[in-house]
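Respectively, the protein sequence lines represent chains Z and C.
In case it helps, my numbering puts the first sequence at residues 427 to 770.
In case it helps, my numbering puts the second sequence at residues 427 to 770.
Treat the hints with care, as some may be off.
Treat identical chains as interchangeable: a pair holds within one or across any two.
Below 25 Å or equal to it, Euclidean Cα-Cα: the simulated SDA-like pairs (lysine to any residue) are [said to hold, decoys possible]: (1) K676 / R503; (2) K693 / H557; (3) K693 / A607; (4) K751 / E623; (5) K751 / R469.
Calculated from the structure, these hints are not laboratory results.
2 protein chains.
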Amino acid sequence: MQQPIILFGGASFEHEISIVSAIGLHQAIGVRCEFVFLSSDHRFYLIDLINMRADYFASGKFSRSTELFLANGGFERKTLFGRTPIDCDVIISVVHGADGEDGTLAALFDFYNIAYLGPRIEASTLSYNKHLTKHLAIMAGVRTLPYEIVRRGEVVKTPYPYIMKPLRLGSSLGISVVKGASDLDYAHDSAFEFDSEAIVEPYIASVREYNLAGCYADDWHLSVIEEPQKKEFLDFDQKYLDFTRTSKAKEADLDGNVAAAMREAFKRIYGVGFFGALIRCDFFVIDNEVYLNEINPVPGSLANYLFDNYESALIALIENLPRRKSITASYNYIHSIRSQKGKL
Amino acid sequence: MQQPIILFGGASFEHEISIVSAIGLHQAIGVRCEFVFLSSDHRFYLIDLINMRADYFASGKFSRSTELFLANGGFERKTLFGRTPIDCDVIISVVHGADGEDGTLAALFDFYNIAYLGPRIEASTLSYNKHLTKHLAIMAGVRTLPYEIVRRGEVVKTPYPYIMKPLRLGSSLGISVVKGASDLDYAHDSAFEFDSEAIVEPYIASVREYNLAGCYADDWHLSVIEEPQKKEFLDFDQKYLDFTRTSKAKEADLDGNVAAAMREAFKRIYGVGFFGALIRCDFFVIDNEVYLNEINPVPGSLANYLFDNYESALIALIENLPRRKSITASYNYIHSIRSQKGKL
């Protein structure tokens with residue numbers, strides 16, 4: 427594998443989770459990496475391996491590290507009389523939530539022509555906004571639960587019990603189950619703390635949920651299908667304990683046809699435009715039919731614990747990253763207008 | 427108005443058009459502006475007003491101008507011992523097509539915390555990809571023509587005559603009308619030169635097309651509704667002659683109810699997420715019903731020629747730009763894990 431930079435942090439509600447995620451990913455891939463931290467005020471710092479401890483960031487000590495700056499082709503650091511590039515073959519981002527999953531970092535790397543493993547701008551937008559994810563599922567021909575979009579103060583029409591989530595966030599923050607009128611205020615306050623719109627779906631207590639991760643790189647690289655342990659729903663703490671998992675996931679006990687349908691659904695969703703990314707899809711199974719619950723375009727520690735052959739999937743992906751077509755300016759139009767008008 | 431920077435150029439097929447657009451916009455707003463040129467290799471240059479002539483760019487002379495670099499809060503230029511910021515209250519981008527309309531520049535300005543007039547990442551993605559625009563119209567409750575998405579080599583099912591467009595581009599390049607089998611090869615070659623997917627819609631020769639531009643800034647600022655002169659469809663050259671228009675558009679001769687329905691459709695589309703931008707929607711009217719044809723999130727010269735009161739709309743918009751919520755990192759989760767595990 428080329429020497430990657432693991433990028434983590436970001437101005438998001440999952441800033442601190444991303445630190446844990448970077449540590450988990452580093453342990454999983456076991457090759458020499460550089461670490462670059464994105465602070466919540468959008469500065470980049472080169473972090474020594476020895477400082478990859480949570481308190482180095484929580485205490486603010488990271489600001490003593492070498493600051494980096496984006497430039498065409500990669501990162502630069504300041505020198506006495508200017509700036510000098512640092513080695514960077516490819517960036518692997520584990521910036522979760524805002525910045526990492528909303529298209530911001532994808533756009534930066536595209537603009538500065540830096541190779542990166544992660545969702546491109548369009549795929550980020552589609553998975554970050556849960557309303558757009560519903561439309562993505564329609565495009566992919568994959569079922570989802572019925573839903574309703576509500577704004578603050580609007581009355582929810584979905585009957586109890588329902589689950590309510592901020593429309594954009596890419597994490598489990600602000601999510602509540604509403605079983606009756608007494609849950610309403612808390613659920614609305616939680617959801618609208620994070621976004622001006624929320625998505626409401628029926629809550630099915632007995633629904634079975636499954637996780638499947640993968641990527642396309644010359645061929646499909648799919649993980650095992652895991653049925654995660656769950657309470658009512660996976661809350662923030664529970665979900666991110668996965669990031670520090672070292673044990674491998676077990677293949678879920680699932681009917682062969684349903685498992686095949688789930689892999690097929692994954693491929694159709696991925697094919698809408700996730701090339702370059704390793705994503706995790708969370709599915710429901712209801713009456714032997716597969717439903718997309720949500721897409722994690724930058725899953726915790728890049729879902730390494732779900733794979734039997736993680737390193738080979740990652741290497742294949744890095745060797746097959748899509749690059750944006752370069753467009754060279756032409757001036758034919760201006761020349762033709764000039765010749766028509768005699769000036770411009 | 428604060429002193430704006432007009433940003434133009436970009437790595438797109440409309441690079442040269444953007445130069446014309448910047449000149450047109452500057453003439454329309456009549457206040458002191460700075461000009462920043464984005465070259466097709468993604469470098470920024472501060473351009474003197476006297477050099478705002480097409481041949482300065484076409485000849486490559488622009489590279490003698492002061493190069494600028496993005497930094498938190500705005501642009502910087504190099505000095506002997508470092509970098510120094512240049513004044514920048516707000517960026518008005520007339521970068522059309524890729525970079526300007528696909529979310530790339532929006533993400534850069536969001537990331538570097540620079541105020542800008544233009545579509546945000548999500549709105550850019552939705553209007554840049556014509557398949558997503560169809561879904562945006564569904565979300566807005568606005569009619570569009572039936573359509574079909576095709577890839578190279580796939581057979582089109584829509585009966586002749588149909589119109590075929592590259593799925594992503596944001597301009598009129600690669601668009602053809604297919605009236606019969608003899609047009610097929612040319613249409614497919616044209617469309618797939620620019621994208622791996624194309625959108626096909628029925629071609630209605632007699633359809634009437636209308637343009638309406640506007641923005642929301644404390645209140646709605648809508649332009650007149652113009653019925654542009656047209657041939658079969660507006661091709662690249664024709665469309666961009668608009669950029670150098672100095673004459674004001676005339677209100678189209680349109681039934682009052684239809685005009686009201688068109689304004690209502692515009693507001694619903696804009697409301698999906700175009701806050702911060704001045705956009706132009708192109709509508710069809712068929713049997714007195716309004717259909718969205720396409721959205722121009724960065725219209726040529728920001729559609730100034732369509733407005734009676736352009737400067738006041740622009741000032742209102744600049745004074746009401748949405749800013750991304752800033753998120754400060756918290757380390758509660760790490761602290762709680764540390765206390766649970768005794769280390770991390």
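message = Please list, smallest to largest, the hint numbers that this structure does not respect.
response = Going through the list in order, the structure violates hints 1, 3 and respects the others.
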